[in-house]
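Participant: With chain A's structure known, arrange chain B on it following the hints.
Top to bottom, those sequences are chains A and B.
With my numbering, the residue at position 109 of the first sequence is 109, and numbering never jumps.
With my numbering, the residue at position 187 of the second sequence is 187, and numbering never jumps.
I should point out that these hints are in silico values taken from the structure, not numbers from a laboratory.
Be aware that a few hints might be false.
Under 8 Å between C-beta atoms, here's a sample of chain B residues computed to sit facing chain A [claimed, not checked]: (1) Phe4; (2) Pro67; (3) Leu69; (4) Ala70; (5) Ala73; (6) Val76; (7) Val157; (8) Leu160; (9) Gly167; (10) Gly189; (11) Ala197.
All C-beta atoms in this analysis are idealised placements derived from N, C-alpha and C, irrespective of residue type, glycine included.
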Amino acid sequence: MIEFLGEVVAWFADPAHWTGVNGIPNRLWEHTQITVLATSLAVLVAIPPAVVLGHRKRGGTFVVGAVNIFRAVPSFGIVVLALPITVALGLGFGFWPTFLALLFLAIPPMFTNTYTGVAGVDSDVVEAARGMGMTERQIMTGVEVPAASPIILAAVRVAAVQVVATATLGAVVAWGGLGRYIIDGFAIQDGVLVFAGALLVAGLALVTEVGMSYLERAIVPDSLQTAGNEVAGIAV
Amino acid sequence: MIGFFSWTWVFDHLDDIWNRTVEHLLLTVIAVTVGLFISFVLAAYVLRTRRAYGPVTLATGILYSIPSLALFAFLVPVTGLSILTAEIGLVSYTLLILVRNIVAGIDGVPGPVLEAAAGMGYTRRQMFFGVQLPLALPVIIAGLRIAAVTTIGLVTVTALIGLGGLGFFILRGLSLFVSPVGTTQIIVGTVMSVFLALAVDFALVGAQRLLTPWARSKEAV
Chain A
1 MIEFLGEVVA WFADPAHWTG VNGIPNRLWE HTQITVLATS LAVLVAIPPA VVLGHRKRGG
61 TFVVGAVNIF RAVPSFGIVV LALPITVALG LGFGFWPTFL ALLFLAIPPM FTNTYTGVAG
121 VDSDVVEAAR GMGMTERQIM TGVEVPAASP IILAAVRVAA VQVVATATLG AVVAWGGLGR
181 YIIDGFAIQD GVLVFAGALL VAGLALVTEV GMSYLERAIV PDSLQTAGNE VAGIAV
Chain B
1 MIGFFSWTWV FDHLDDIWNR TVEHLLLTVI AVTVGLFISF VLAAYVLRTR RAYGPVTLAT
61 GILYSIPSLA LFAFLVPVTG LSILTAEIGL VSYTLLILVR NIVAGIDGVP GPVLEAAAGM
121 GYTRRQMFFG VQLPLALPVI IAGLRIAAVT TIGLVTVTAL IGLGGLGFFI LRGLSLFVSP
181 VGTTQIIVGT VMSVFLALAV DFALVGAQRL LTPWARSKEA V
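Next up, chain A with everything else stripped away, as it sits in the complex (with noise of 0.2 Å):
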């Protein structure tokens, strides 16, 4: 056991593993970018329909039965079914899957947890910033979006995370990513390149965690703190 860490230790020691397309720079930022990307549109894709839906409290039955059925999808099965149909639209293999797929597993618990966090804002809030004759553009993101903005972040967080790791399942239909060092571990039976493979990917998914838990503190109204941490997600 000890001899093996010695040889991960090494892994990470040795210089070629830090030049190149196959190099930990490249494969960390190919992880960072598809992330980035993909949590940020989902982001604009989920959250406005979700706030609008909330304030009108319209689809309650449909996002609790969809919070469901999405938990339900396995992300392993999306990577891999999102091949044939960017294959089939010409986007070929490699980015375009993978990117497509954590959209299509980021949208659902942004919008749902979003929708649950503005419509569970006090109504009797609501109704007195209706009394001071706010418009309900302004009443939405005046009052009901910061009030949920602790549940909104949390749900962006939990995102963020489930796309790191969802991200690493990415290798399986070409993409580059950290996920490349398990996957092509896997293939030559290298424990070496598996293990310092999950080493990174686990870096970056606690990192990610970590990151934007201060960027909620930072971001959500003092007298708020703490109301997010019920935030519903899924283990990828």
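Facilitator: Quick look at chain B alone, frame taken from chain A:
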């Protein structure tokens, strides 16, 4: 979907699909059962030693945020491409949800109910099995549903370490990719996994209704 999906393949492989579904369910049941047992032990410890809640949540939370492929990959050098590797990984993901829901469920039992039971001379053991556990059951089962459905999704990933249940079809479909037979297998693996998750979820809701008849009569009012 015509041209992408081969019903002929499905009908020719019904046995195969059935066997993989059973394997999938078995991997899930083992993981959730072991996870539930470990979570009860952890929750019992937390309920006695409150200071432990933070560290237990932190540790199970870290396990939960490690991507499954990485977690399996950590274990492969130690336990090999085996069912043990798969189960250790799968069990790890159930702990956070189960511990949290068991603790919340037991904590949620109203104080006056406990006092009434104590006044009737219930021992600590009778109190736990006769009062606290039954009343906490809805919250515990809610956690169990999330854990089971999540585990069913993750079992597909274990195809990459030579197991997989229905994930086997997804991986084999990938190796035949961009052929209708390959795509068919990917779809069968994914869709059957969703169906299995929904069926297990439904069964757990049914179990809850059977186990908590008092909650049912309340619903009827």
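Participant: With 8 Å as the cut and Cβ atoms as the points, is B/Phe4 at the interface with chain A?
Facilitator: Holds, about 7 Å.
Participant: Any CB of chain A closer than 8 Å to the CB of B/Ala197?
Facilitator: Result: holds, 3 Å to nearest chain A Cβ.
Participant: With a cut-off of 8 Å, does the beta carbon of B/Gly189 approach a beta carbon of chain A closely enough for the hint to hold?
Facilitator: Cβ of B/Gly189 sits 6 Å from chain A, so the hint holds.
Participant: Can you verify the interface hint for B/Leu160: is its Cβ closer than 8 Å to any Cβ in chain A?
Facilitator: Hint on B/Leu160: holds, closest Cβ of chain A at ~6 Å, below 8 Å.
Participant: Quick one, is the B/Pro67 hint okay against chain A at 8 Å, beta carbons?
Facilitator: holds, 3 Å
Participant: Is the interface hint for B/Ala73 satisfied, with its Cβ closer than 8 Å to some Cβ of chain A?
Facilitator: Hint on B/Ala73: holds, closest Cβ of chain A at ~4 Å, below 8 Å.
Participant: Taking 8 Å as the limit, does the beta-carbon of B/Leu69 come near enough to a beta-carbon in chain A?
Facilitator: holds, 5 Å
Participant: Taking the least C-beta to C-beta distance, is B/Val157 closer than 8 Å to chain A?
Facilitator: holds, 5 Å
Participant: Go through the hint on B/Val76 and say holds or violated, using the shortest Cβ distance to chain A against 8 Å.
Facilitator: It holds, given that the least Cβ distance between B/Val76 and chain A is near 6 Å, below 8 Å.
Participant: Using Cβ atoms only, decide whether B/Ala70 comes closer than 8 Å to chain A, and label the hint accordingly.
Facilitator: holds, 4 Å
Participant: Can the hint on B/Gly167 be confirmed by a CB-to-CB distance to chain A that is less than 8 Å?
Facilitator: Constraint on B/Gly167 satisfied, holds at 6 Å.
Going down the numbered hints, you'll see the structure goes against none, and every one checks out.
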